[in-house]
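Engineer: Spelled out from the first residue to the last, the chains are:
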Amino acid sequence: GENVEQHPSTLSVQEGDSAVIKCTYSDSASNYFPWYKQELGKRPQLIIDIRSNVGEKKDQRIAVTLNKTAKHFSLHITETQPEDSAVYFCAASIDSNYQLIWGAGTKLIIKP
Amino acid sequence: GAGVSQSPSNKVTEKGKDVELRCDPISGHTALYWYRQSLGQGLEFLIYFQGNSAPDKSGLPSDRFSAERTGGSVSTLTIQRTQQEDSAVYLCASSFQGQGGYEQYFGPGTRLTVT
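Protein chains in written order, with our numbering: chain A, 1 to 112; chain B, 1 to 115.
The following block holds chain A by itself, in its conformation from the complex (with noise of 0.2 Å):
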């Protein structure tokens, strides 16, 4: 079955400068990759998504690649700001069964 494999488990980054969180797939039938942000004692949200048909998506300071030959797929965060300070996950999922496979999560942190 799928596998996914989320790098670093801690981030810890300079206000204002850029976050790179990266994950591996197994599965090369996965196509949606989403990636969630839980705040602490808070809920996962998710923050943007991506299909196996795009290679990158944005949406403000967040973007997300897409590598499918390499099976690995990556969220960036721009001038990071301290409330991205949370838990990030990354998921693949096989539009057949619609379930999710986590990562790990990547818990990044924003100094001052």
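The hints are simulated quantities; they were obtained by calculation from the structure and are not laboratory data. One thing to keep in mind: the hints can contain errors.
Unchecked claim - Stretches of chain A that chain B covers, calculated by requiring three or more beta carbons in the stretch to come under 8 Å of a beta carbon on chain B:
1) 12-25
2) 98-111
Claimed, not checked - Lysine-lysine pairs mimicking BS3-like chemistry, simulated, CA-CA at most 30 Å apart:
3) Lys37/A x Lys22/A
4) Lys111/A x Lys57/A
5) Lys37/A x Lys107/A
6) Lys42/A x Lys57/B
7) Lys57/A x Lys15/B
8) Lys42/A x Lys22/A
9) Lys42/A x Lys17/B
10) Lys107/A x Lys11/B
11) Lys57/B x Lys107/A
12) Lys57/A x Lys37/A
13) Lys42/A x Lys15/B
14) Lys22/A x Lys58/A
15) Lys71/A x Lys57/B
16) Lys111/A x Lys58/A
17) Lys22/A x Lys111/A
18) Lys37/A x Lys57/B
19) Lys11/B x Lys37/A
Note that CB positions come from ideal geometry on N, CA and C, so glycine has one too.
Since chain A is already given, all that's left is putting chain B on it; use the hints.
Structural biologist: Then chain B, alone, in the frame of chain A:
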């Protein structure tokens, strides 16, 4: 509109007792998921309901765990003979499965503490 709701928000129970956790999904969402999240950890998949299909129970950690979904809506997760290692936040999520994606909307969770 109303989001996913869960009750109770907190539950403290003695080891060996049974507990029931409830999830009310968003109206019209056909899929419902249960996850467990231990402190500082990731999302551990427990069980998945999709419409009238047989649920995917592959994530349930032991036969002490069971779940039902009545009428395609409300779901109850039951843990029998609770153990201290069951202490965690139990998250429920629902999604509408159609064209355009299937974002999972999470509830606020139930924090279970087994003493």
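Engineer: Taken at face value, is the distance from the CA of Lys57/B to the CA of Lys42/A at most 30 Å?
Structural biologist: holds (26 Å)
Engineer: Regarding the pair Lys37/A and Lys22/A, is the alpha-carbon distance no greater than 30 Å?
Structural biologist: holds (14 Å)
Engineer: Verify the proposed pairing of Lys57/A with Lys15/B, using a straight-line Cα cut of 30 Å.
Structural biologist: Not satisfied, since the Cα-Cα distance of roughly 48 Å exceeds 30 Å.
Engineer: Would the hint linking Lys57/A and Lys37/A be met if the CA-CA limit is 30 Å?
Structural biologist: holds (17 Å)
Engineer: Keeping to a limit of 30 Å between CA atoms, is the pair of Lys37/A and Lys107/A held or broken?
Structural biologist: holds (10 Å)
Engineer: Count residues of the segment 12-25 of chain A with a Cβ under 8 Å from any Cβ of chain B, then say if the count reaches three.
Structural biologist: violated (count 0)
Engineer: Hey, Lys37/A versus Lys57/B, does the alpha-carbon distance stay inside 30 Å?
Structural biologist: holds (26 Å)
Engineer: Could you grab the alpha-carbon distance between Lys107/A and Lys11/B and see if it respects the 30 Å cut-off?
Structural biologist: At roughly 27 Å apart (the allowed maximum being 30 Å), Lys11/B and Lys107/A satisfy the hint.
Engineer: Keeping to a limit of 30 Å between CA atoms, is the pair of Lys57/B and Lys107/A held or broken?
Structural biologist: Satisfied, since the Cα-Cα distance of roughly 29 Å is no more than 30 Å.
Engineer: Would the pair Lys11/B and Lys37/A pass a check requiring their Cα atoms to be no farther apart than 30 Å?
Structural biologist: holds (25 Å)
Engineer: Is Lys22/A within 30 Å of Lys58/A, Cα to Cα?
Structural biologist: Roughly 16 Å separates the two Cα atoms, so the pair holds.
Engineer: Checking one constraint from the list: CA of Lys42/A to CA of Lys17/B, max 30 Å. Satisfied?
Structural biologist: holds (28 Å)
Checked against the numbered hints given earlier, the structure breaks hints 1 and 7 and satisfies all the rest.
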